Amino acid sequence: MQPLKSIAKSFLRMPAKFQAKKKLQQLRSFNVPAMDKIANAIDDVLNDNLSSEEKVWVDQIEELRSVLSANLTEITVTDYGARSPKFNLTKEEMYEGVVKTTNVSSVCRANNNRFWSLILFKIIRKFKPTTSIELGTSLGISAAYQAAGHKINDKGNITTKEGAASLASLSEKNLQKLGLDNTKVVCGSFQDNLEAVLNENKPIDYAFIDGHHDEKATIAYFESFVPSLSNKAIIVFDDISWTKGMRQAWDRIIENENIKFSVDLRKIGICLMDSDMVKMRGFRIPLI
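If you're matching positions, the sequence shown starts at 354 in my numbering and goes up one per residue.
In short, the hints are calculated from the structure, not lab data. Hints may contain errors.
[What the hints assert, rightly or not] For lysine-lysine, the following DSSO-like pairs were computed, each having C-alpha atoms within a straight-line distance of at most 27 Å:
| no. | residue 1 | residue 2 |
| --- | --- | --- |
| 1 | K375 | K390 |
| 2 | K537 | K376 |
| 3 | K597 | K453 |
| 4 | K508 | K408 |
| 5 | K530 | K508 |
| 6 | K597 | K481 |
| 7 | K481 | K370 |
| 8 | K569 | K481 |
| 9 | K370 | K597 |
| 10 | K555 | K370 |
| 11 | K620 | K374 |
| 12 | K481 | K508 |
| 13 | K597 | K408 |
| 14 | K620 | K390 |
These numbers were taken from a predicted model, which means no experiment stands behind them.
Kindly generate the complete structure, drawing on both the sequences and the hints.
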């Protein structure tokens, strides 16, 4: 049975779902395979359309999420991100990070919920990438969804980076519990070892950029990724509406000549790199 909070969110999303259906029809009208895949991924999530094999994986991951949500064990984490929309931190302050004490439950509640995790899962299912990279592992919930997509595809793996050693350790254990052996957790601040991770994994077919939520940092990560991306890569950005700065980062990224098409879901943004496509105006399908 779905929790009341989840049911309420589904009810509030109904008008957005109705509008999204129209947009998805428009997206399909271009008859571009990559755009069809994005439309089908979003449509599947809006309708909670899961195969029996997909449902088994999703239920297992959500069961783990429930356990983590109830876990009040204290942990110490080093936060290298923007921390809060209220803060305006310098690059140096973010690089230094801040050590704070929290608990597993609080960290879990800050993770992407089932709906947004399914968007990532379905993108993996439709595009079938070979090599995927995630920035911002946290407890490994999003990584689990993406890795499960790879598992069902019987193709590919995901490397996920986490700055906080305590979270990197927990996420490794969580992914092992789920039997997701197609994952690799790399610990370290993004500034310190991102280049090495990109060089080790290129060409990269799929990237999910999360965990920093700063305008300049997000643009810098995108620019770091570009030389290592494959010819038809897909890049997903989380929390593009978190602050004015994040919206500005998104607007700048989608203007980049390498991005041929984009879909703005208000919370996350999806970008396509495809040298065979002409650059097209992006789509907005606000789902929240």
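Verification of the supplied hints:
1. Proposed proximity of K375 and K390 is supported: the alpha carbons are some 16 Å apart, at most 27 Å.
2. The suggested pairing of K537 with K376 is violated, with an alpha-carbon distance near 36 Å, which exceeds 27 Å.
3. Note on K597 and K453: the hinted pairing holds, with a Cα-Cα distance of about 26 Å set against a maximum of 27 Å.
4. Restraint check for K508 and K408: the C-alpha separation of about 19 Å stays at or below 27 Å, so the hint holds.
5. Taking the CA atoms of K530 and K508, the gap is about 20 Å. The hint holds against a cut of 27 Å.
6. At most 27 Å may separate the alpha-carbon atoms for a hinted pair to count; K597 and K481 exceed this at roughly 33 Å.
7. Taking the CA atoms of K481 and K370, the gap is near 25 Å; set against the 27 Å cutoff, the hint holds.
8. Under the criterion of a C-alpha separation no larger than 27 Å, the hint pairing K569 with K481 is inconsistent with the structure, at around 30 Å.
9. Distance hint between K370 and K597 is fulfilled; the C-alpha atoms sit about 25 Å from each other, no more than 27 Å.
10. This hinted pair does not check out: K555 and K370 have alpha carbons roughly 36 Å apart, beyond 27 Å.
11. Distance restraint check for K620 and K374: the Cα-Cα separation of roughly 18 Å lies within the 27 Å cut-off, and the hinted pair is therefore satisfied.
12. For the given pair, K481 sits about 7 Å from K508 by alpha-carbon distance, which is consistent with the 27 Å threshold.
13. Restraint check: the Cα-Cα separation between K597 and K408 comes to about 37 Å, which exceeds 27 Å; the hinted pair is violated.
14. For the given pair, K620 sits about 19 Å from K390 by alpha-carbon distance, which is consistent with the 27 Å threshold.
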